[in-house]
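Participant: Residue-level listing of the chains:
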Amino acid sequence: MLPRTTLILGACLLSGVVAAAAPAVHEFKLDNGMKLVVKEDHRAPVVVSQVWYKVGSSYERDGLTGISHVLEHMMFKGTQKHGPGEFSRIIAENGGSENAFTSRDYTAYFQSLEKSRLPVSFEMEADRMRNLRLNAAEFAKEVKVVMEERRMRTEDDAQSLTYEQFNAVAYLNSPYRIPTIGWMDDLESLQVGDLQRWYQQWYAPNNAVLVVTGDVDPQAVLKLARQHFGPLAASTLEPAKPRHEIEQRGTRRMVVKAPAEVPYLIMGYKVPALSTAKADWEPYALEVLAGILDGGDSARFTRELVRGQQIATTAGAGYDLNDRQESLLLLDGSPANGHDIAALETALRAQIAQLRDKPVNAAELERVKAQVLADHVYQEDSVFYQAMQIGTLEAVGLGWQTMDRYLPRVQAVTAQQVQDVARKYLIDDRLTVAVLDPQPMDAAARARAQKAAAQGARDVH
Amino acid sequence: MFTDLLKFVRLATALFLLGAGGSAQAMAPIQHWQTTNGARVYFVPAPELPMVDIKVVFNAGSARDGEHPGLAQLTHTLLDKGADGLSADRIAEHLEGVGARLSGDSLRDMATLGLRSLSDPKYLQPALAVFAKVLAKPDFNAADLNRERERMLIALQYAQQQPDAVSEKTFYAALYGTHPYASPPEGTVESLKALDRAALQAFYTRYYVAHNAVVAIVGAVDRAAAEKLAETATAGLASGAPAPVLPAVADLAAAREQRVAHPSTQTHVLLGQPGIRRDDPDYFTLYVGNYVLGGGGLVSRLSDEVREKRGLSYSVYSYFMPMAERGPFELGLQTRNDQAAEALKVLRETLARYVAEGPTAAELEAAQKNITGGQALRIDSNRKILEYLAVIGFYRLPLDYLETFNGKIEAVTLEQVRDAFKRRVQPERMLTVLVGGS
Chain A
1 MLPRTTLILG ACLLSGVVAA AAPAVHEFKL DNGMKLVVKE DHRAPVVVSQ
51 VWYKVGSSYE RDGLTGISHV LEHMMFKGTQ KHGPGEFSRI IAENGGSENA
101 FTSRDYTAYF QSLEKSRLPV SFEMEADRMR NLRLNAAEFA KEVKVVMEER
151 RMRTEDDAQS LTYEQFNAVA YLNSPYRIPT IGWMDDLESL QVGDLQRWYQ
201 QWYAPNNAVL VVTGDVDPQA VLKLARQHFG PLAASTLEPA KPRHEIEQRG
251 TRRMVVKAPA EVPYLIMGYK VPALSTAKAD WEPYALEVLA GILDGGDSAR
301 FTRELVRGQQ IATTAGAGYD LNDRQESLLL LDGSPANGHD IAALETALRA
351 QIAQLRDKPV NAAELERVKA QVLADHVYQE DSVFYQAMQI GTLEAVGLGW
401 QTMDRYLPRV QAVTAQQVQD VARKYLIDDR LTVAVLDPQP MDAAARARAQ
451 KAAAQGARDV H
Chain B
1 MFTDLLKFVR LATALFLLGA GGSAQAMAPI QHWQTTNGAR VYFVPAPELP
51 MVDIKVVFNA GSARDGEHPG LAQLTHTLLD KGADGLSADR IAEHLEGVGA
101 RLSGDSLRDM ATLGLRSLSD PKYLQPALAV FAKVLAKPDF NAADLNRERE
151 RMLIALQYAQ QQPDAVSEKT FYAALYGTHP YASPPEGTVE SLKALDRAAL
201 QAFYTRYYVA HNAVVAIVGA VDRAAAEKLA ETATAGLASG APAPVLPAVA
251 DLAAAREQRV AHPSTQTHVL LGQPGIRRDD PDYFTLYVGN YVLGGGGLVS
301 RLSDEVREKR GLSYSVYSYF MPMAERGPFE LGLQTRNDQA AEALKVLRET
351 LARYVAEGPT AAELEAAQKN ITGGQALRID SNRKILEYLA VIGFYRLPLD
401 YLETFNGKIE AVTLEQVRDA FKRRVQPERM LTVLVGGS
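Chains A and B, in that order, give the protein sequences.
Under the numbering used here, the very last position in the first sequence is 461; numbers go up by exactly one each time.
Under the numbering used here, the very last position in the second sequence is 438; numbers go up by exactly one each time.
A portion of the hints provided could be inaccurate.
Keeping only pairs whose Cα atoms sit at most 27 Å apart, straight-line, the calculated DSSO-like set for lysine-lysine is [claimed, not checked]: (1) A:K144 - B:K309; (2) B:K345 - A:K144; (3) A:K115 - B:K408; (4) A:K29 - A:K54; (5) B:K384 - A:K115; (6) B:K384 - A:K81; (7) B:K228 - B:K408.
Label pairs and their calculated CB-CB ranges [stated by the list, open to error]: (8) B:R223 - A:N361: 55 to 63 Å; (9) A:Y385 - B:A235: 30 to 38 Å; (10) A:Q227 - B:A235: 40 to 48 Å; (11) A:Y385 - B:R396: 50 to 58 Å; (12) B:A235 - A:S116: 53 to 61 Å; (13) B:A241 - A:G83: 31 to 39 Å; (14) B:R259 - A:N361: 54 to 62 Å; (15) B:N141 - A:I427: 52 to 60 Å; (16) A:Q450 - B:N141: 41 to 49 Å; (17) B:K193 - A:S189: 47 to 55 Å; (18) A:R252 - B:N406: 45 to 53 Å.
Some chain B residues near chain A, calculated using beta-carbon distances under 7 Å [claimed, not checked]: (19) L49; (20) T77; (21) D89; (22) E93; (23) G99; (24) Q161; (25) Q258; (26) V260; (27) S264; (28) L298; (29) G311; (30) Y314; (31) N406; (32) I409.
Read the hints as simulated data drawn from the structure, not as lab findings.
Glycine is no exception: its CB is placed at the ideal position from the N, C-alpha and C atoms.
With these hints in hand, go ahead and build the complete structure from the sequences.
Facilitator: What follows is the structure in structure tokens.
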């Protein structure tokens, strides 16, 4: 038998006694407005360098969707000084690994290197921050690569396709409705001149944050950053328009038909993020709420829906409190054999109703918090993740200090607060539901099904 | 208890931060011993973070499925769904209540079970007690078996809608024919439906034994504590015997092409042959040589020809996957259906030219510089070191594998790469798999 104490964690919760540990994070600002954040980790002789730009698909306009991501691809195509692909070759020869990623709120470029090679990264990143050479022939090939990426990630993945369309319906005027990879039609009409303007508008030291983690001396990193990035000219930045999502007035429902074998359901409730919340405890309460539903194998979805009632074969909940705009608490899943999408939706709604009606019990709450605490230690194992965390918070405008608040704020969340946010936000008027309606995989059967549907439609009239 | 956990994490993090400012130590040498019942243990102390990782690897992958595809995976899935009378709910509650994370994988060669925990005995000991039960006393309850079987059946359906999964499954089936590696780890509908408790219990009893297990440990524990950890984790395992050696993999007799219709907008193209064993004498030569061909991410011949010059695919690669017996040598890409023929031609020509000519001196040097220069990155976290220990233990690689790695990479010559590729890769005798629309 296990000692009982592992089951029943003491009821006395944190009472504001936690003194924050002195952070080993150092923040600097260069004269041209570029921010540098350094976090030391001396376990291994390595360094991670990331340049974060405050631009992503939520900065984009209709007709030019996907432009931030295409520009990210073009950033590997050379500058006045370095030819296409040369940057990658130099990093590789230095034993490094590198890549980049684009999201709704940021675009970031990174290298992982043995610590003495940091100057190689800075030299290249500084160069392509201001001197990118956007060549029409290179663009013509690279945009085809991005279209293949879109086919792979979205067109040929029925669940991704459903999510993309769900997202475009859940948001009406918020730029979060834009898929980061871009609509295919927009990719097809994108011009190299569009990219040139996008690059000039957003790629400047005063719109960038340099994050360095690893076995480094912060002062030496600052000196190196001044040497490489210091001479770059700042831009006059036009602030992004607010584009706040209008209030949702009633449930939205939609169906996506695509060749597939397994039905799939997505539900999203409009909820605040740290950047948008009027009451700043609410996002932490939503974070805990998501953990109650899907924070591990002991959480409610797996325990009650997958194992208990066996209505779902998979069921998940997700929420990102670091979004720049008003966000969604997402639920998704596929029904178990013998159940349909309607039954799954009913079960998920019942889970939400339970959160509104009854406070979560103490053991559940503390289990979620225990995992958050332990994860706080585990995440220190990755030098890369530590940089990711700082970069994300900086790029969305919350500041890296937010990560030091995360632990005490999550620990302070009460069962009442979880119930309060459920009652306030997890209501039908804020809900969007999308269903993947599987169509036959076989082309002939699909054609027959379409014909029958058309026939049915005519019969009605 | 809970407040203690909070204090512990705070204190531990603060101590870690105070420790900052020193300079990085090289990874400590690997320590190796056996538990009393015969499991082989590999340990590296990592005192910096107050956490510990344990990974137990059994030679119990789908290569042991015999006539019952899915047997290894269903057995593995059920380990934490009920053990020693604890239900799946209780197991998860016990572990997650102390912040521990359970992980696992069921592959062709290996079945693994991992525990990540805080290293303070107050949290580690209860987590370890549950972990040991999961390893040694699975209940295989009928209700759990039926539910997980149903979930695997839906996972099979889901895989059918994903062109990458279809191509991979088709590739392995065609490449390995009657060899145990042909057995799909996720099973087949017929086989899964026929599996019962007796089959799972028998599989478990045969393969989940100490002499068929490797234990890797990395974390903030000393040797004595690590020895106790390994003993406790494996205490309930029968001593047993190692799994028998798998049959050798036969070469493809002739080139083969397999097309599968799929409603995707892209065609997934795979090209391959049986490749190498983990202890293959050509391992380092082929590893370096493949980096030039298609292993170097954006910097490779395949990436140049397929992506950079022609914009045909987002991802294009080649790799040797070394396994207990010969794992695949595989090349792959995905492209719009109407470009599939062109992309396949480029893939084949690039491979044929590389096998005929080998790398240039500059390419070889660049490959060696990348691989040796990246050594520090390969072992910069507990997680990565743990993975190396598991591989070193499972495939019985020398304990100085990591220390001697760079020397072996540097010793590879142009002539050796050319020779090895000519001997080991026959571009005219490849398996080709195309999954997509016409």
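Participant: All the hints need checking, so say for each whether the structure fits it.
Facilitator: Verification of the hints:
For the given pair, A:K144 sits about 11 Å from B:K309 by alpha-carbon distance, which is consistent with the 27 Å threshold. Using a Cα cut-off of 27 Å, the hinted pair B:K345 and A:K144 holds, with the two alpha carbons roughly 18 Å apart. For a cut-off of 27 Å, the pair hint linking A:K115 to B:K408 stands: about 23 Å separates their Cα positions. Annotation: proposed proximity of A:K29 to A:K54 holds, straight-line Cα distance about 16 Å (limit 27 Å).
For the hint linking B:K384 to A:K115, the alpha-carbon distance of about 18 Å falls within 27 Å, and the restraint holds. For the hint pairing B:K384 with A:K81, the CA-to-CA distance comes to about 36 Å; that exceeds 27 Å, so the pair is violated. Straight-line distance between C-alpha atoms of B:K228 and B:K408 comes to about 35 Å, which puts the hinted pair past the 27 Å bound. For the pair B:R223 and A:N361, the supplied restraint of 55 to 63 Å is violated, since their beta-carbon distance comes to about 42 Å.
Evaluation of the 30 to 38 Å hint for A:Y385 and B:A235 yields a pass: the beta carbon distance comes to about 34 Å. The hinted range of 40 to 48 Å is not satisfied by A:Q227 and B:A235, whose Cβ atoms lie roughly 58 Å apart. The given range of 50 to 58 Å is broken by A:Y385 and B:R396, whose C-beta atoms sit roughly 32 Å from each other. Here the CB-CB span from B:A235 to A:S116 is close to 46 Å, at odds with the stated 53 to 61 Å.
A hinted range of 31 to 39 Å for the beta carbons of B:A241 and A:G83 is inconsistent with their spacing of about 59 Å. Roughly 56 Å separates the CB atoms of B:R259 and A:N361, a value that falls within the hinted 54 to 62 Å. The hinted window of 52 to 60 Å between B:N141 and A:I427 is violated, with their beta carbons roughly 39 Å apart. Range check, A:Q450 to B:N141: about 45 Å between beta-carbon atoms, so the 41 to 49 Å window is met.
Between B:K193 and A:S189 the beta carbon distance is about 51 Å. The supplied range of 47 to 55 Å therefore holds. A beta carbon spacing of about 58 Å between A:R252 and B:N406 contradicts the range 45 to 53 Å that was offered as a hint. Annotation: interface hint on B:L49 holds; nearest CB of chain A at approximately 6 Å, less than 7 Å. The closest approach between the C-beta of B:T77 and any C-beta of chain A is roughly 12 Å, which is over the 7 Å cut-off, so the hint fails.
A hinted interface residue such as B:D89 counts as satisfied when its beta carbon comes closer than 7 Å to some beta carbon of chain A; here the least separation is about 5 Å, so the hint holds. Interface hint status for B:E93: upheld, as the beta-carbon distance to the closest one in chain A is roughly 4 Å, under 7 Å. The restraint placing B:G99 at the interface with chain A holds, with a minimum CB-CB distance near 3 Å, inside the 7 Å limit. With 7 Å as the threshold, the beta carbon of B:Q161 comes within range of chain A, its nearest partner Cβ sitting at about 5 Å, so the hint holds.
Because the closest C-beta pair between B:Q258 and chain A is about 18 Å apart, greater than 7 Å, the hint is violated. A hinted interface residue such as B:V260 counts as satisfied when its beta carbon comes closer than 7 Å to some beta carbon of chain A; here the least separation is about 11 Å, so the hint is violated. Below 7 Å, beta-carbon pairs count as interface contacts, and B:S264 has one with chain A at about 4 Å; its hint therefore holds. Checking B:L298 against chain A by beta carbon gives a least distance of about 5 Å; that is within 7 Å, so the hint holds.
For B:G311, the interface hint holds, since its Cβ comes within 7 Å of a Cβ in chain A; the closest pair sits about 3 Å apart. Interface restraint check for B:Y314: the shortest CB-CB distance to chain A comes to about 4 Å, inside 7 Å, so the restraint holds. At its closest, the beta carbon of B:N406 sits 10 Å from a beta carbon of chain A; the interface hint therefore is violated under the 7 Å criterion. Proximity of B:I409 to chain A is violated relative to the hint, the smallest CB-CB distance being about 11 Å (cut-off 7 Å).
Of the numbered hints given earlier, the model fails hints 6, 7, 8, 10, 11, 12, 13, 15, 18, 20, 25, 26, 31, 32; all others are met.
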